[in-house]
Amino acid sequence: MGTFTTKFKVWNPTRPESAQEIEALVDTGAAFSWISRSRLEGLGLNPSRRMSFRTIDGRVMERDMTAIYIASAGYSAPDMVVMAEPGEMEVLGAHSIEGLGLAADPVQKRLTPTIMLALSAGLNSF
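Numbering (numbering that gives the first Met the number 0), first residue to last: 0 to 125.
A few of these clues could be false.
Here are the in silico distance ranges between beta carbons for each label pair [to be verified]:
hint	residue 1	residue 2	range
1	E40	A117	15 to 25 Å
2	P77	F3	20 to 30 Å
3	D104	E61	30 to 40 Å
4	E16	V106	29 to 39 Å
5	R58	A117	28 to 38 Å
6	K6	E87	11 to 21 Å
7	E22	A76	18 to 28 Å
8	P77	R109	21 to 31 Å
9	E87	F3	26 to 36 Å
10	G100	E20	15 to 25 Å
11	T111	M60	31 to 41 Å
12	T2	D56	32 to 42 Å
13	G57	E16	36 to 46 Å
If you're looking for bench data, these hints aren't it; they were derived computationally from the structure.
No residue lacks a Cβ here, since even glycine has one placed at the ideal position from N, Cα and C.
Let the sequences and hints guide you as you build the complete structure.
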C-alpha cells in the first residue's frame, strides 16, 4: 500500500477547547495510533493502561496508552492511543481510522467515509 500523511485533531475528553492538530503518517498496519507522550501530557492526559507491542524486527516492547477524542474528515470519536516515546513516529493507525468510520484510500492519498461490516448483527441466524 502507498503511504500518505493526513491531518487530524486530538483532545482531552474533559478539555475539548485545547484540541491540537497533528499531521502524521497513515499506517493501517499499526493497530493503534501513536501520538507523542509530551503532546498528550500537554493536553492533561495520563496513562490508563500499558500494552505490549511487537516491532517489525520481532522485539516486544511495552507502552502506555490513554483515552482521547480524535477527529478527521468531519468525523469524531473516542479512541485509545499509544503514548509514543521520544524518537518514535506519530502515526494514525487502524483502530482510529475504523473508529471514525473511515478507510485509507492509497490512490487518492486521503481518508474516505466507508460502510463498515456488521457481520450478523441483528439477525437471528444462530
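What are the numbers of the hints that this structure violates, sorted from low to high?
Checked against the structure, the hints that fail are numbers 1, 9, 12, while the rest are satisfied.
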